[in-house]
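Trainee: So the chains spell out like this:
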Amino acid sequence: MSDSSAVEPWIRQSANPKFDRILVTPEGVPLNVTVAAAGARAGALLLDIVIILGLIILVTIAGLALLWAFGVALGDNLQNTNGPLQFLAVVWIISVFLFRNAYFLYFELGDRAATWGKRAVGIRVAARDGGRLTAEAVIARNIVRDVELFLPLVFLSSAEASGTMSGLTAWAGFLWVLMFLLFPLFNKDRLRGGDVIAGTWVIQNVKKNLGDIVAPSAIAPDGAAPFARYQFSDADLSVYGEYELQTLENVLRIDQDDALQKVAASICQKIGWEPGSGDERAFLEAYYTALRARLERSMRFGKRRKDKHSPHE
Amino acid sequence: MSTEQALSAAVLRSDRFRLEREADWIRLEAMVTKMEKGKSRRLSDDDVLALPTLYRTLLSSLSIARENSLDAGLIDYLEGLALRSYFLVYGTQTSFGRWLGSFFGGGWSRAVRAIRYDIWIALSVMIAGALIGYILVAGDRDWFYALVPSNFSDVRVPGASEAALRGTLFGGQDGDGLGVFAAFLFSNNAQVAILAFALGFAFAIPSILLLIHNMALLGAMLWVFAQRGLTTEFVGWLSIHGTTELFAILLAGAAGIHVGRSIAFPGTRSHLKAASDAGKRAALVMVGVIVMLICAGLLEGFARQLVDNTAGRFAVGGGMLLLWLLYFIGFGRTRRRPGA
Chain A
1 MSDSSAVEPW
11 IRQSANPKFD
21 RILVTPEGVP
31 LNVTVAAAGA
41 RAGALLLDIV
51 IILGLIILVT
61 IAGLALLWAF
71 GVALGDNLQN
81 TNGPLQFLAV
91 VWIISVFLFR
101 NAYFLYFELG
111 DRAATWGKRA
121 VGIRVAARDG
131 GRLTAEAVIA
141 RNIVRDVELF
151 LPLVFLSSAE
161 ASGTMSGLTA
171 WAGFLWVLMF
181 LLFPLFNKDR
191 LRGGDVIAGT
201 WVIQNVKKNL
211 GDIVAPSAIA
221 PDGAAPFARY
231 QFSDADLSVY
241 GEYELQTLEN
251 VLRIDQDDAL
261 QKVAASICQK
271 IGWEPGSGDE
281 RAFLEAYYTA
291 LRARLERSMR
301 FGKRRKDKHS
311 PHE
Chain B
1 MSTEQALSAA
11 VLRSDRFRLE
21 READWIRLEA
31 MVTKMEKGKS
41 RRLSDDDVLA
51 LPTLYRTLLS
61 SLSIARENSL
71 DAGLIDYLEG
81 LALRSYFLVY
91 GTQTSFGRWL
101 GSFFGGGWSR
111 AVRAIRYDIW
121 IALSVMIAGA
131 LIGYILVAGD
141 RDWFYALVPS
151 NFSDVRVPGA
161 SEAALRGTLF
171 GGQDGDGLGV
181 FAAFLFSNNA
191 QVAILAFALG
201 FAFAIPSILL
211 LIHNMALLGA
221 MLWVFAQRGL
231 TTEFVGWLSI
241 HGTTELFAIL
251 LAGAAGIHVG
261 RSIAFPGTRS
271 HLKAASDAGK
281 RAALVMVGVI
291 VMLICAGLLE
301 GFARQLVDNT
311 AGRFAVGGGM
321 LLLWLLYFIG
331 FGRTRRRPGA
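Top to bottom, those sequences are chains A and B. For the first sequence, my numbering puts the final residue at 313, and the numbers step up evenly by one. For the second sequence, my numbering puts the final residue at 340, and the numbers step up evenly by one.
One or more hints might be untrue.
As the list claims (entries may be wrong) - Simulated pairs of lysine-lysine, PhoX-like, Cα-Cα distance not exceeding 20 Å: (1) Lys207/A with Lys273/B; (2) Lys34/B with Lys208/A; (3) Lys303/A with Lys270/A; (4) Lys34/B with Lys207/A; (5) Lys270/A with Lys308/A.
Simulated from the structure, these hints should not be mistaken for lab results.
Generate coordinates for the entire structure from the input sequences, incorporating the hints supplied.
Mentor: In structure tokens form, the structure reads like this:
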């Protein structure tokens, strides 16, 4: 994460570089990660709250249904329903406590280290130092959630209900509560108080599929590979760098006819060829393969060319 | 086209590199996908054994690809797969049962001993809080109403008669609703303890204030009973669950102070590192606090109403205190010896 590594070519430059970070695995291999944005965090939390409320309501309804069933079975005998009633109340209080506190623990201790809400928006919890995410860390980050989230809710509702708050204390309390709630917005890693204490952060999940070989016709087995039809000189290949190569890779992977035509025409113009027609894909694959072979060769000697404006190796 | 043919026909060295290794990557990806869906039990033994090797091979493939290949799509894929498998290889690997075993088998008592200085701080704060409450109310009765919330002070107010006060301590409970009461008390106390810990995050000052306030309430109440010569009875009534509950609140406050102190004075470590070290230690203590509060809730809900004499209450309360002290001071020490 030092400045010297900022020039390493493998560091990803995403659309929003503010959230790009590097995580070093215990094996010493640095990986690009993206810190989850505050909006994603808030969305996930909102979903989780809805789910928790849903669970509480579900348990309440189930309890009431059970109570009603008891009432029917025992013929409204109050003497007898007293026992089950108490039992249900105990179950209800304990399950609400568990939903409120254990929901986050259970899911963040799982293999995906994410609650349902986090899964839905594609984020997960990870240890900031690249080590193992421990049970203690998950417990610590979730215990602090109480002051950040539930305390403001309780504070606001009790102030509302009792009406004892004078203007000044209400505002002071509200600011204090807000400070915790908005803590993630005031640091670059979007850490909330619990993340600070637990040594964790929340990052985005990645799921990329293994694409095909970019230029498959270059490895056609029948000898009549189109690659052989085009021969590019050194000068033809020296007009572009890695950035242009990767743009070309994208065009080839997406494989849309008009894009292929446009790119083929502009390459031909650049290297002074007559643009042919009907054979753009074969031409582009051949050019891509030749350019990549050339750039990779000099790369192996430690010389990289970032884009067409960079000096020659 | 078979892999061998493709290999011999590939023009680019980096494409050959990929074709030679992609079978391993695809196998790892299939395993990772299964594990992420929570179906890790369905992995074969071979797969489970191969996971760390495949993961390390993948990392080295990634490092090589970064230096040798300009196939951006391939590098993105390797990077994503490396991150996903890293999370599984270095995930939370202990099962809940095993973690619980290590927790009760010494992890908890070691964590408590590790924050002993903060426990002394919290203890002195609590004693000071109780004294403050007692002295304030002794000096001016109106302080009582400022300290004690109205739902606690039904009959237990300054100037109440001895009979009325004695009535709140003994008898009158027929055992109804005790379970509900215990569950409610536990849920309530647990949230207070969690609050005492979580507030430590703000340099421990709110934790200390919370401890002082709660103990001042107790001190004020003690004065009310002391006025009518019921000190011993009140302490007995309190001690049956109070030794466990106050101990738990003491630990929660100490855990909060520990975190706050580490943030304020991190020593040679960075602030964030100090905070996370302290936070993980304190989290262990907090799980224990919840366990203690469950015990306290049960004692308060059942034992206090069932044991209706002061001597019995002192016996139960003192016994619990002795049990906790023995556990925290003596348990789980042997495992530290080899390292010392």
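Trainee: Flag every earlier hint the structure violates by its number, smallest first.
Mentor: Numbers 1, 3 - these are the hints that the structure violates, sorted from lowest upward.
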